[in-house]
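Number of protein chains: 2
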Amino acid sequence: MEFFDVVTTRRSVRKFTSEPVPEAVVRKALDAAILAPNSSNMQMWEFYWVRSPEKKAAAVKACFSQPAAATAAELVFIVSRVDTWRRNRDLMIAELKKSPDVKQSALDYYQKAMPAVYFQDPVGVTGIVKKVAISAAGLTRPVPRGPTSRAALFEMVTKSAALAAQNFMLAVVAQGYACCPMEGYDEARIKKILGLGRNAHVVMGVAFGKPDPKGYYGPQIRFDKNLFVFEV
Amino acid sequence: MEFFDVVTTRRSVRKFTSEPVPEAVVRKALDAAILAPNSSNMQMWEFYWVRSPEKKAAAVKACFSQPAAATAAELVFIVSRVDTWRRNRDLMIAELKKSPDVKQSALDYYQKAMPAVYFQDPVGVTGIVKKVAISAAGLTRPVPRGPTSRAALFEMVTKSAALAAQNFMLAVVAQGYACCPMEGYDEARIKKILGLGRNAHVVMGVAFGKPDPKGYYGPQIRFDKNLFVFEV
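Chains as they are written, first to last, in this note's numbering: chain P, 9 to 240; chain E, 9 to 240.
Treat the hints with care, as some may be off.
Note that the list lumps identical chains together, so a pair holds whenever it fits in one copy or between two copies.
As the list claims (entries may be wrong) - In silico DSS-like cross-links for lysine-lysine, where the CA-CA straight-line distance does not exceed 30 Å:
{"no.": "1", "residue 1": "K105", "residue 2": "K200"}
{"no.": "2", "residue 1": "K64", "residue 2": "K36"}
{"no.": "3", "residue 1": "K106", "residue 2": "K64"}
{"no.": "4", "residue 1": "K218", "residue 2": "K36"}
{"no.": "5", "residue 1": "K200", "residue 2": "K218"}
{"no.": "6", "residue 1": "K138", "residue 2": "K106"}
{"no.": "7", "residue 1": "K120", "residue 2": "K105"}
{"no.": "8", "residue 1": "K36", "residue 2": "K138"}
{"no.": "9", "residue 1": "K64", "residue 2": "K139"}
{"no.": "10", "residue 1": "K199", "residue 2": "K106"}
{"no.": "11", "residue 1": "K23", "residue 2": "K64"}
Source of the hints: derived by calculation from the structure; they are not laboratory data.
From a predicted model like this one, the values you see are computed outputs, not experimental measurements.
Put together the whole structure using the sequences plus the hints.
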């Protein structure tokens, strides 16, 4: 399917038919998700395809039994994490070292800069110290301002996971299905179902399947783009 | 261009040729960005196309003069906001009212639920009260857990802006150009250039143009997908 057709065809569809989605369609969409760009290629994301009927029923309940979830042929939850950075950094360094002409600066970036970005102590003192030091340094020259707090770190990893989510949704549509991104869920209950703790955020649920024509709730509304698009 | 070709062609390219990008290409990518799904269709995003040579030079500096920014034919910054919700909610209600059979529940959603989601007092007390009330209610039934804090609100709007960013980048690639998403910038300086205050976050800079073959830094690396993709 042509790219711009996919973009304009994608609508949030809130009701699906009972037609199943072939496994290959889901796997192809997951593969597309992972090709999204992400912060320093640290890949701090996870994708949970809820296949067990018990877990799916529980997830639907945790999504307040909204029609999109309740009628979805498939449900995938996209998750961001702040605690897999040591593992991923080491994997990245190992990959870089496979190249005979790897630059020391690239290795240093992962060895030295990533801990500075991701390390958080349990109380958050490191973040405050970092913030003060950054503000001082920033008086005279451009400096990266964050992330300093744990919340800012989550905003960063969630941002990358959202890029993957958009690839995933478009890939579902490109294969002739429809989807509904959902943020309307009880995150604590979804985490329990997926076995996640405090170092993960549930970024989005994606319900998908063949669209029921009744699943389109009115026309697509976008406000006047002059409210958002600025040439400066 | 076929959708999956766009997804696999997209690589972060860190050097561009001097070939200009036609205006129509940029506008088409911006139009695609705005078609991304977003939280409750509140469209809490903004897109800054940096065209003035002075502002562009300043933005390149604030991006630490990284080659992607310095060589980019065009630079767009994607921004998320937490303060445009009253305006956007009113616009949404006006749009919904155009339909003769609008449901009261839809109007209530914007009239009542959106203030509950977006309102923050300057000190953050509302968020704490909300959090306590939510935790209590959540003991017996599924409840939406957030956003309660200002940081969580920013994570939510940034998530939607990232969906738009991915549409934007793919749309650039679909038109035969290449791009580099950038988080490496001095956010305080970029905000100053764009005239933004504390109610906005700079989600991402996107540098784009015709790719210089030297702009591909090594092969695309993704870790074993079994580390991220779980069937539960």
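Task: Contradicted hints - numbers only - done: Structure breaks hints 1, 3, 6, 8, 10.
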